[in-house]
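**Q** Using the hints, put the two standalone chains together into the complex.
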Amino acid sequence: MDTIGLYRTTVGKKVVMAVTGAGLLLYVVVHMLGNLTVFSGPDAINGYGHWLREIGAVWPTRVALLACVTLHFVAAYQLTAKARKARGRYEHRRRVQGSYAARTMRWGGVIIALFVVYHLLDLTVGWLNPNGIPGEIHANVVADFQHWYVVLAYAIAVLALGFHIRHGVWSAIQTLGVTTSRVIGLGVAVAICAGFLSVPFAVFTGLVS
Amino acid sequence: MKLTLRIWRQSGATGRLVEYVLDDLSPDMSFLEMLDVLNERLITEGQEPVAFDHDCREGICGMCGLMINGMAHGPEKATTACQLHLRHFRDGDVVTVEPWRAEPFPVVRDLVVDRSAFDRIVAAGGYVSVPAGSAPDAHATPVPKPDADTAFEAAACIGCGACVAACPNGSAMLFTAAKATHLGVLPQGQPERYSRARDMVAEHDASGFGGCTNTGECTSACPKGIPLTTIARLNADLLRAHTTRSDR
Numbered sequence: 001m002d003t004i005g006l007y008r009t010t011v012g013k014k015v016v017m018a019v020t021g022a023g024l025l026l027y028v029v030v031h032m033l034g035n036l037t038v039f040s041g042p043d044a045i046n047g048y049g050h051w052l053r054e055i056g057a058v059w060p061t062r063v064a065l066l067a068c069v070t071l072h073f074v075a076a077y078q079l080t081a082k083a084r085k086a087r088g089r090y091e092h093r094r095r096v097q098g099s100y101a102a103r104t105m106r107w108g109g110v111i112i113a114l115f116v117v118y119h120l121l122d123l124t125v126g127w128l129n130p131n132g133i134p135g136e137i138h139a140n141v142v143a144d145f146q147h148w149y150v151v152l153a154y155a156i157a158v159l160a161l162g163f164h165i166r167h168g169v170w171s172a173i174q175t176l177g178v179t180t181s182r183v184i185g186l187g188v189a190v191a192i193c194a195g196f197l198s199v200p201f202a203v204f205t206g207l208v209s
Numbered sequence: 001m002k003l004t005l006r007i008w009r010q011s012g013a014t015g016r017l018v019e020y021v022l023d024d025l026s027p028d029m030s031f032l033e034m035l036d037v038l039n040e041r042l043i044t045e046g047q048e049p050v051a052f053d054h055d056c057r058e059g060i061c062g063m064c065g066l067m068i069n070g071m072a073h074g075p076e077k078a079t080t081a082c083q084l085h086l087r088h089f090r091d092g093d094v095v096t097v098e099p100w101r102a103e104p105f106p107v108v109r110d111l112v113v114d115r116s117a118f119d120r121i122v123a124a125g126g127y128v129s130v131p132a133g134s135a136p137d138a139h140a141t142p143v144p145k146p147d148a149d150t151a152f153e154a155a156a157c158i159g160c161g162a163c164v165a166a167c168p169n170g171s172a173m174l175f176t177a178a179k180a181t182h183l184g185v186l187p188q189g190q191p192e193r194y195s196r197a198r199d200m201v202a203e204h205d206a207s208g209f210g211g212c213t214n215t216g217e218c219t220s221a222c223p224k225g226i227p228l229t230t231i232a233r234l235n236a237d238l239l240r241a242h243t244t245r246s247d248r
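First to last, the protein sequences are chains A and B. Read in full-length UniProt numbering, the first sequence has 60 at position 60, and its numbers run on one by one without any break. Read in full-length UniProt numbering, the second sequence has 108 at position 108, and its numbers run on one by one without any break.
Hints are computed from structural coordinates only; laboratory data are not their basis. Owing to the predicted nature of the structure, the values given are computational and were not obtained by experimental measurement. All residues carry an ideal CB built from backbone N, CA and C; glycine is no exception. Check each hint, because a few of them may be wrong.
Covered stretches of chain B, as calculated for chain A (at least 3 residues, CB under 8 Å) [said to hold, decoys possible]: (1) 66 to 78; (2) 93 to 105; (3) 165 to 171; (4) 212 to 225; (5) 230 to 236.
Covered stretches of chain A, as calculated for chain B (at least 3 residues, CB under 8 Å) [stated by the list, open to error]: (6) 10 to 20; (7) 74 to 83; (8) 89 to 97; (9) 100 to 108; (10) 163 to 171; (11) 174 to 183.
Next up, chain B with everything else stripped away, as it sits in the complex (with noise of 0.2 Å):
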């Protein structure tokens, strides 16, 4: 099949939409193989590769993310880049790719942005305490069923910014309230539950994202369905911890 592609190109503070057309690809390859499949020929003509991140290959790591068609991760729902296949599109579409942008996600090069400001987040109070002994006994701690469940879900967010990418507002609220319901609605994550919102909030909000409205872009979005009623379960949280004097 036949794929005409306008890709972002960047180096320096500005980029441009550079188009390129791509013969005899498979419908069977995935987005970032076809990526490949143009690198190596840009490659053999002499030109810059074009920069884009990806690690597993396999939707668990959370490195690729691409605007693609104006969609993050592309038009499959719960589908990471990489796993996007060209049986997707049809032979002869013109598909744009993009890089995520927001604010606190600077490009660094051509698709590549910076996406340091979640690690800023999940310092700020994505961890437990633990004892640093001895390793507990796998059910020293029990942890009911829904409440596993709910945090599961939550910890299926790989922090690929795509909540970020597709937000009209630049928030990445769902990022950050996953990994406070992840942590928080486990038992050994109670002693911070409060601080952790305090503070993953006040870095979220200091790093330059913009506040949550609730419209439902980012779970759409999201690659592996985190929902929106982690938010509100952050937000619990962060009331909790501003109008209580504890400073747990």
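This is chain A alone, in the form it adopts within the complex (with noise of 0.2 Å):
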């Protein structure tokens, strides 16, 4: 096994890219999940959360979570710096092609990366989060959601991740050598944003207080 070599390659940084990709597709799902226990009642989420810190869960998938979030960035900025310089640059230029999932996967990654810090110090942190207690999960979530700012900022992030997947999970299987329908990508983007935005529309409109 060649790690290094492989890594020296563009393909091999996409590698990289994809299996850490992987791993953060797979705590989205399964996060998605945890949240849709807010539709059981306050109890069952709060203990969805108490139940976590009692297996131990969090510092581990944090600690994973941290190091794909660093070797994914850091492979895409190389990748990104070694295109933007070979690219040509066109007096006139039309695209013929290439999804808007495709073309807006870096700065879709930064807008992301974005929320996520701003995710921590609302809902994890709770400095940014109007209830801000710990352990009440259910009560933090439906203090964020009355504000229409929350929900607007929150269904953009879900939407720009939607996005991401939808072009991430097909490119990151090409890339690992098999070549599958589009559609793949597009019934994993929509189910996960269909997970993630059912909460703050449920809480907005009243569903869940």
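**A** This is how it looks when you write it as structure tokens:
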């Protein structure tokens, strides 16, 4: 196994992005499913959060996520720098292919990263949360999504994540050596967006309070 | 018909778009024949003709390559610039013509770029080892039909560079993958299959091409319709080359 030699290539950096992206996607799916416990009442989601701490899942997950995000970002940065240098600059250029999702991977990733910082300060640390009491997950979430601007910021971030996943899933599988249908990425993205957006929608409309 | 051409003129380090108006064009002319008409006029007027690459003019050699209105080889799908006819433009259109642009494709003059980076990628691994004695029997090595079809589809690559010109990352992955697939799926190409992927990608990167982001601009610009599946195949071979101990 020649990891260094592989990483030196552009394809190797993409493999790192594909594998770390898969790890992050796995976390996103579990997070989304965990969020859905909000529909079973305050005890369900508060209990779920408490259980995660009890089994000691929190810190190992944080370390793994930080490692994935770091590697994902470093590889993306290096590839972007190389692409910027390599690409041609035309007086007149038209796009003929390439989805919105594919074109916005880089800035979309930055938007998601910025949202994650806000999200941690809001619902993990509690500083930016109107309620902000550790352990009272249900109350914190409900306090958050009373405000239209929180809902809006959350929705924009989730849609950015959806676009990122739509191209990312397909591209990652392609990078790992298999061409699949682009519908797979779209399906995963729609499912994740629907799952995440259901919570602010339910709180804002009063279905969950 | 009448067309207004804005053509990139460059003789030193920098260039600019120069406007030429051509009247009396026939819709049956190819794009390159139109440039011939322009050049004849420029020569008669004592001006320097527009330099552009061309050879077979029947869409199979890969020499011609023009960015026409921002699209590699112009607006027609699966068509080289030499096979693009003026009937696909409207009378009175303004048409911008630029050379391929990418860091590894320096402009030599006007619309001519240096594509020797492609030659270096092929030299790095785009070959098969053959016994150099008498010619083998034609059917000595059976090739399954699906493999032959996949190889042929990739072998249709004429190395024109449209994939690089269209790529938002300046990547030559489609070209590299076409060559690696063309040889890598055939039994004759097996001995160097993995070292080929490794060496060609290494040369691709060293030449200054960017990495692929699977946007697919390349396949839609490709006059031969080389599919993105070739890139996945190359990626798989490269991964294998770097994850096994074998030197192959």
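**Q** Checking each numbered hint in turn, tell me which of them this model violates, lowest number first.
**A** The structure conflicts with no hint, since it agrees with every one listed earlier.
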